[in-house]
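Turn these sequences into a full structure, and let the hints guide you.
Listed here are the chains, written in short residue letters.
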Amino acid sequence: MAGKTLYDKIWDAHAVAQDGGETVLYIDLHLIHEVTTPQAFAGLRAAGRKVRRPDRTLAVADHNTPTIGQALGVDAVEDPEARLQLQTLGRNVIDHGIEYFPMGDIRNGIVHVVGPEQGRTQPGMTVVCGDSHTSTHGAFGALAQGICTSEVEHVLATQTLRQAKSKNMRVTVDGQLGPGITAKDMALAIIGTIGTAGGTGSVIEFAGEAVRNLSMEGRMTLCNLTIEGGARAGLIAPDETTFAYIVGRPAAPKGAAWDMALSYWKTFFTDDDAHFDREVRLRAEDIEPTVTWGTSPEDTLPVSGHVPDPASFATPDKRASVERALDYMGLTAGQPITDAKVDVVFIGSCTNSRIEDLRAAAAVAQAAFLEGRLVAPHVRAMVVPGSGLVREQAEEEGLDAILKAAGFEWREPGCSMCLGMNPDKLAPGQRCASTSNRNFEGRQGRGGRTHLMSPAMAAAAAIAGHIVDVRTFL
Amino acid sequence: MKAFTRLDGRAAPLQLANVDTDQIIPAQFLKTVEREGLSKGLFFALRFDDQGGVRPEFVLNKPEFKGASILIAGDNFGCGSSREHAPWALMDFGIDCVISTSFADIFKNNCLNNGLLPVILKPEEVEALMDEAKGGNHVFTVDLESQTVTAPSGAKFHFDIDPDRKHKLMKGLDAIGETLQHAGDIDVYESKRALSTPWMEA
Ligand code: SF4
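Those protein sequences? They're chains L and R, same order as listed. To convert, note that position 300 of the first sequence is 300 in the numbering used here; the numbers rise steadily by one, no gaps. To convert, note that position 64 of the second sequence is 1064 in the numbering used here; the numbers rise steadily by one, no gaps.
These are computed hints drawn from the structure, not numbers from a lab. One thing to keep in mind: the hints can contain errors.
[Claimed, not checked] Keeping only pairs whose Cα atoms sit at most 30 angstroms apart, straight-line, the calculated DSS-like set for lysine-lysine is:
| no. | chain 1 | residue 1 | chain 2 | residue 2 |
| --- | --- | --- | --- | --- |
| 1 | R | 1040 | L | 50 |
| 2 | L | 167 | L | 318 |
| 3 | R | 1122 | R | 1134 |
| 4 | R | 1122 | R | 1156 |
| 5 | R | 1002 | L | 50 |
| 6 | L | 165 | R | 1166 |
| 7 | L | 50 | R | 1108 |
Here's what the structure looks like:
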């Protein structure tokens, strides 16, 4: 019999029952936030049901919170609908006895930053949240999936999800990344290779030397973007890097329980003789700092590249969509991507708002500052830490001082300009160098133009005033 | 989801075809945090004029149809967007059954998933029911078990429904309900887990 993949093992460990074509899958951790839960709780109430495992549920406020004045609590929120959603979450967590880090609590922040930071996310778990970038938690070797509101209600009521199993896919990145090249570049390069539908119907396991060498922050960035490759989830097998990250965190097992957990976690790896339905291999040496030029995360270019010519695409459909994207993005076929002048720089989101990301941005800011260079006068550059704790740590390390001295705004945690549900939005036509995960039309504000890139690249763009190869700064 | 077995109630005739989900519940009511309360937006443009005044001529505003639990509607009811808010709003208003000659597919599914019964009858049957529904002092009976609608005059009409759907409606089984039939399995799983991975227990 063929061996099992990491995905197979997690799946088998959580299959509670079979119901027709679907498996009832037990959920170990349910992360919730203000936007996708109110109707789920309302449905629960209407049916007279309770939350089955409040202790396996954690709530944060992140999607529509402002990034200033959070100490005021909901009074800081001007949009009445956003305020109502936050108040509703506050009521629901009390009614159901769910742990909640409200806005202003130092432990609050973006749901996918908070879960791992608290030690709630652990290897071999099933994790769900009503947000598509739940795939982030796959970095720990946890099967982590985004779900919709009716599924949120289902998990609240039953602590399970009904699901058919996905296919196994593996992406291996061999070799070592060059200096200045990060997990974000790797992730964008992978999506550029497989396309936004490349992972459809699959769970992707990331493997290879370059993946192994990533920090936990880097692994989270990589898994975060799995969803943009069309996959149901992304996974990286847990190892010493994973265990070293978890140990000592508030929700991590302690003492004898730690040893027991550790030996359990070590069983979660792909057997040598396991079968993958699809395999993709990349060489780390081939990956350059990568940016997007269009309105889909697969529209990637090495920073040395040129904006593509629609005529170079094979099908009329594709040509038309490239033309439309160039028009929307205000770019001309054939121009070097480094010609693109930016108006806004956003360093944040669950993709890139962890301490390592802020360090990378600050390092670029410092190198520039020492040469007497600041954020370009026409650029608004904002840094939004992923959580209150990330913000605090960055301040202890003096990163905020460096960034502020160089002309960056230092904001309070939340999703912010990742999706523009709060006041942080692009104006029509504004071009943004962004460390987030989606460059769809209007994602960061109506008519806004998004170029995805790493935190170091975004910081460099802030200073140069246009897209630029960060390696010229280092 | 609440079970649907038999409904005895007043029926309101809505003589309009192609009522879309925007008419059932306009977009401005979607940014809500509740399912309850959606009734205030139900048929908003039909119930109220531009100044917010009540339109007395609209059927659900007429005193004789107050408290109606059955809506008899024109052809192709519920077309348009897929919003789940449409059945939520109807049910919040107190309507648990809609009778028509046809429904938009997604709307029909959303109804079934939320415990609202969509009944499809022949055009002449719907017309006959509309006639009998005039004047509010009457009782219609919708019986899911026997798949019949009985008008106040005693006239009885049979309707079809997928047996699986019927079973789920009668039992009040939504996806959650179906999974809860495995509650025993979930209990067993949890107690095993408490032993194998005790650090995950509070
Ligand atoms: S930062 Fe963006 S992608 Fe991440 S949880 Fe918030 S809205 Fe979702």
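**Message:** To test your reading of the hints: which numbers does this structure violate?
**Reply:** Every hint satisfied by this model.
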